[in-house]
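> Sequence:
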Amino acid sequence: MAISYNRLWKLLIDKKMTTAELRKQADIAPNTLTRMKKDQEVTMQVLERICEVLDTDFGEIVEYYPDEER
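Per the numbering used here, the sequence shown starts with residue 207, numbered consecutively.
Treat the hints as calculated values from the structure; they're not laboratory data.
The C-beta atom is built at its ideal place from N, Cα and C for all residues, glycine as well.
Hints should not be assumed to be uniformly reliable.
Claimed, not checked - Okay, derived cross-link-like pairs now, DSS-like style, lysine-lysine, Cα gap no bigger than 27 Å in a straight line: (1) Lys230 x Lys243; (2) Lys216 x Lys230; (3) Lys244 x Lys222; (4) Lys243 x Lys222; (5) Lys244 x Lys230; (6) Lys243 x Lys216; (7) Lys221 x Lys243; (8) Lys244 x Lys216; (9) Lys244 x Lys221.
To be verified - DEER-style ranges, computed between Cβ atoms: (10) Gln251 x Arg213: 13 to 21 Å; (11) Ala226 x Pro272: 30 to 38 Å; (12) Lys222 x Pro272: 27 to 35 Å; (13) Asp233 x Pro272: 29 to 37 Å; (14) Lys221 x Asp273: 25 to 33 Å.
When you get a sec, could you build the whole thing from the sequences and use the hints?
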């Protein structure tokens, strides 16, 4: 399973929000944000807090790719 957070980074640009602001408002640890920048998995609780801060849903911040498509 391959996950991409490219939609999240684009949404942050659209909302003119920095990753530091997101980290603070969603109470995300710095290493968790680093994992996301590397398209590594994070917990659903983290994704839920991000969605709450950005007033959006999972489909707007996460993309799933079957392994052969990456």
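> Run every hint past the structure and note whether it holds.
The hints, checked one at a time:
Pair hint lysine 230 plus lysine 243 holds up; C-alpha atoms about 16 Å apart against a cutoff of 27 Å. Annotation: proposed proximity of lysine 216 to lysine 230 holds, straight-line Cα distance about 18 Å (limit 27 Å). Using a Cα cut-off of 27 Å, the hinted pair lysine 244 and lysine 222 holds, with the two alpha carbons roughly 21 Å apart. Between lysine 243 and lysine 222 the alpha-carbon distance is near 18 Å, which keeps this suggested pair within the 27 Å criterion.
For the hint pairing lysine 244 with lysine 230, the CA-to-CA distance comes to about 19 Å; that is within 27 Å, so the pair holds. For the suggested pair lysine 243 and lysine 216, the alpha carbons sit about 12 Å apart, so the restraint of at most 27 Å is met. For the proposed pair lysine 221 and lysine 243, the alpha carbon gap of about 18 Å is at most 27 Å, so the pair holds. Restraint check: the Cα-Cα separation between lysine 244 and lysine 216 comes to about 15 Å, which is no more than 27 Å; the hinted pair holds.
A distance of roughly 22 Å separates the Cα atoms of lysine 244 and lysine 221; the hinted pair therefore holds under the 27 Å criterion. For glutamine 251 paired with arginine 213, a C-beta distance near 19 Å keeps the hint of 13 to 21 Å intact. As the Cβ distance of alanine 226 to proline 272 is approximately 33 Å, the hint placing it in 30 to 38 Å holds. Here the CB-CB span from lysine 222 to proline 272 is close to 33 Å, well matched to the stated 27 to 35 Å.
Roughly 32 Å separates the CB atoms of aspartate 233 and proline 272, a value that falls within the hinted 29 to 37 Å. Our hint of 25 to 33 Å for lysine 221 and aspartate 273 holds, since their Cβ atoms are close to 31 Å apart.
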